[in-house]
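Chemist: Spelled out from the first residue to the last, the chains are:
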Amino acid sequence: RKEVEQDPGPFNVPEGATVAFNCTYSNSASQSFFWYRQDCRKEPKLLMSVYSSGNEDGRFTAQLNRASQYISLLIRDSKLSDSATYLCVVNPGGGFKTIFGAGTRLFVKA
Amino acid sequence: DTAVSQTPKYLVTQMGNDKSIKCEQNLGHDTMYWYKQDSKKFLKIMFSYNNKELIINETVPNRFSPKSPDKAHLNLHINSLELGDSAVYFCASSQGQYNSPLHFGNGTRLTVT
Numbered sequence: 001r002k003e004v005e006q007d008p009g010p011f012n013v014p015e016g017a018t019v020a021f022n023c024t025y026s027n028s029a030s031q032s033f034f035w036y037r038q039d040c041r042k043e044p045k046l047l048m049s050v051y052s053s054g055n056e057d058g059r060f061t062a063q064l065n066r067a068s069q070y071i072s073l074l075i076r077d078s079k080l081s082d083s084a085t086y087l088c089v090v091n092p093g094g095g096f097k098t099i100f101g102a103g104t105r106l107f108v109k110a
Numbered sequence: 001d002t003a004v005s006q007t008p009k010y011l012v013t014q015m016g017n018d019k020s021i022k023c024e025q026n027l028g029h030d031t032m033y034w035y036k037q038d039s040k041k042f043l044k045i046m047f048s049y050n051n052k053e054l055i056i057n058e059t060v061p062n063r064f065s066p067k068s069p070d071k072a073h074l075n076l077h078i079n080s081l082e083l084g085d086s087a088v089y090f091c092a093s094s095q096g097q098y099n100s101p102l103h104f105g106n107g108t109r110l111t112v113t
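Taken in sequence, the protein lines are chains A and B.
Our numbering puts the first residue of the first sequence at 1, with every later residue one more than the last.
Our numbering puts the first residue of the second sequence at 1, with every later residue one more than the last.
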């Protein structure tokens, strides 16, 4: 089993739609969790950290379920500019090593 | 003001050559990393340095040698380049604590012919 697994997609949604991505992780001792966004031929950029109680940043909501070992990202009112690859990122042991999922591609269409 | 900068942006070279990629960060972070993103877009950690000390060395051929002259710089030297080394190499830095996010450079696209 991979340390961090994501549905690769692609997800094709119309503008204004709500879309959700899930990510599972294998190490129950994982300490910290993030969602990154990567545009085509660009570097990954932090979208948001994921906190135990869940957190929201504008149209984006992140949730953590430790019992089931998954995190989720919800995007409301999708914009064309949300088209990108979304990377689930986990720090499995509290050290310096950070594991990236393979990413989920999102296409938002007019 | 670029936070993490790496050079060159593009590198095209022939098999068997030796090449270097340089990375510098001005964020005052203690920890720097090299990641490789292959053609399937999977990002894999290669090395990490914390305060100039090597702390992560994943299963990477010893043709790859990182060097950190100070905590703001982390360079990557690759000997005897092979076709399979073609990828995008990203440098990153973080504050070093487990809950600190990574800040990436804009990548070096290496093509080995």
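Just so you know, the hints here were simulated from the structure itself, not pulled from any lab data.
A quick note: this is a predicted structure, and the numbers were derived from the prediction, not measured.
Errors might be hidden in some of the hints.
Unchecked claim - The following label-pair restraints were derived from C-beta to C-beta distances: (1) B:Q95 with A:N65: 38 to 44 Å; (2) B:N17 with A:S68: 45 to 51 Å; (3) B:V60 with A:E56: 47 to 53 Å; (4) A:R66 with B:K41: 44 to 50 Å; (5) A:N55 with B:E53: 42 to 48 Å.
As the list claims (entries may be wrong) - Dumping the calculated DSS-like pairs for lysine-lysine here, alpha-carbon to alpha-carbon at most 30 Å: (6) B:K36 with A:K45; (7) A:K42 with B:K19; (8) B:K19 with A:K97; (9) B:K9 with B:K52; (10) A:K45 with B:K52; (11) B:K40 with A:K42; (12) B:K67 with A:K42; (13) B:K71 with A:K109; (14) A:K45 with B:K22; (15) B:K67 with B:K19; (16) A:K109 with B:K67; (17) A:K2 with B:K41; (18) A:K42 with B:K71; (19) B:K71 with A:K79; (20) B:K22 with A:K42; (21) A:K79 with B:K22; (22) A:K97 with B:K36; (23) B:K71 with A:K97; (24) A:K79 with A:K42; (25) B:K41 with B:K52; (26) A:K45 with B:K41; (27) B:K52 with A:K109; (28) B:K19 with A:K109; (29) A:K109 with B:K40; (30) B:K44 with B:K9; (31) B:K40 with B:K9; (32) B:K22 with A:K109; (33) A:K79 with B:K67; (34) B:K9 with B:K67; (35) B:K52 with A:K42; (36) B:K71 with A:K45; (37) A:K45 with A:K97; (38) B:K19 with A:K79; (39) B:K52 with A:K79; (40) B:K9 with A:K42.
Beta carbons are placed, not taken as given, at the ideal position from N, Cα and C, and that holds for glycine.
Chemist: Check the hint pairing K79 (chain A) with K42 (chain A) against an upper bound of 30 Å on the C-alpha distance.
Modeler: OK: K79 (chain A) and K42 (chain A) at ~19 Å, within 30 Å.
Chemist: Take a quick look at whether K67 (chain B) and K42 (chain A) sit within 30 Å of each other, Cα to Cα.
Modeler: holds, 25 Å
Chemist: Is it true that the CA of K44 (chain B) sits at most 30 Å from the CA of K9 (chain B)?
Modeler: Since the Cα atoms of K44 (chain B) and K9 (chain B) sit roughly 19 Å apart, the hinted pair holds (cutoff 30 Å).
Chemist: Taking only the CA atoms, is the gap from K19 (chain B) to K79 (chain A) under or equal to 30 Å?
Modeler: violated, 41 Å
Chemist: Given the range 45 to 51 Å, decide if the beta-carbon distance of N17 (chain B) to S68 (chain A) lies inside it.
Modeler: holds, 48 Å
Chemist: Assess, step by step, whether the Cα of K9 (chain B) is no farther than 30 Å from the Cα of K67 (chain B), and give holds or violated.
Modeler: It holds: about 19 Å lies between the C-alpha atoms, which stays within 30 Å.
Chemist: Given a hinted range of 42 to 48 Å, is it respected by the beta-carbon distance of N55 (chain A) and E53 (chain B)?
Modeler: violated, 33 Å
Chemist: Tell me if the straight-line CA distance from K42 (chain A) to K71 (chain B) falls inside 30 Å.
Modeler: holds, 25 Å
Chemist: Checking one constraint from the list: CA of K71 (chain B) to CA of K79 (chain A), max 30 Å. Satisfied?
Modeler: violated, 39 Å
Chemist: Run the distance test for K42 (chain A) versus K19 (chain B): straight-line Cα separation, threshold 30 Å.
Modeler: Cα-Cα ~22 Å, so holds.
Chemist: Holds or violated: K79 (chain A) and K67 (chain B), Cα atoms, limit 30 Å.
Modeler: Violated, at about 42 Å.
Chemist: Can you confirm whether the C-alpha distance between K71 (chain B) and K45 (chain A) stays at or below 30 Å?
Modeler: Given that 30 Å is the threshold and the Cα spacing comes to 22 Å, the pair holds.
The structure is inconsistent with the numbered hints 1, 3, 4, 5, 13, 16, 19, 21, 27, 28, 32, 33, 38 and 39, although it conforms to all the rest.
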